[in-house]
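Input sequences plus hints: build the corresponding full structure.
Position one of the sequence shown corresponds to residue 19 (this note's numbering), numbered consecutively onward.
Derived by calculation from the structure, the hints in this document are not laboratory data. Beta carbons: idealized from backbone N, C-alpha and C, even for Gly. Some clues are possibly wrong.
[As the list claims (entries may be wrong)] Now the in silico label distances, taken between C-beta atoms and shown as ranges:
(1) H74 - S31: 51 to 59 Å
(2) L45 - L84: 24 to 32 Å
(3) A60 - T126: 21 to 29 Å
(4) A131 - E158: 19 to 27 Å
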Amino acid sequence: MSRAPGEGAGARSPAPLEPLGPEERPLALLIAVAVCVALAIAVMIGAATIHDLSRHGGSLPGAVFLALVLVLLAQGMYRRRYWAVLGFEALLAFQILVTSLALVVASTIAAAAACLLSISLGGWLFWKLVRVMGRIQAGER
19 MSRAPGEGAG ARSPAPLEPL GPEERPLALL IAVAVCVALA IAVMIGAATI HDLSRHGGSL
79 PGAVFLALVL VLLAQGMYRR RYWAVLGFEA LLAFQILVTS LALVVASTIA AAAACLLSIS
139 LGGWLFWKLV RVMGRIQAGE R
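Structure below.
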């Protein structure tokens, strides 16, 4: 008698995800919202305080657009929208990849430590948001 992969004496299926409660917002989701809002504020402050922004590779309309996207993502995540969490996770994945590449060329211990901290925190938040996304999607079914 042959068994299919995963079947066996001790094989168990994972517990199904419980949908989020009516007003439930997990800690990881609230942290993601706070990060989005903080980044939007930082972008606007940076754009307002840097003189000759174009010389540094930026523009005021670009900064306003980026801040607006971040605020919309934060609002969508606070309203527990799947697309918003997915979009923020895409930004987190990009941040983790870019910071990993920056770690390769870090020239000081402090720069390497900052890269490792950024990768660790971004990875932790990414991992925690995966379950939140599953719970949001379970409620939509």
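Verification of the supplied hints:
no.	hint	result
1	H74 - S31: 51 to 59 Å	holds, 53 Å
2	L45 - L84: 24 to 32 Å	holds, 26 Å
3	A60 - T126: 21 to 29 Å	holds, 23 Å
4	A131 - E158: 19 to 27 Å	violated, 41 Å
When the structure is compared with the earlier hints, a violation turns up for hint 4 alone.
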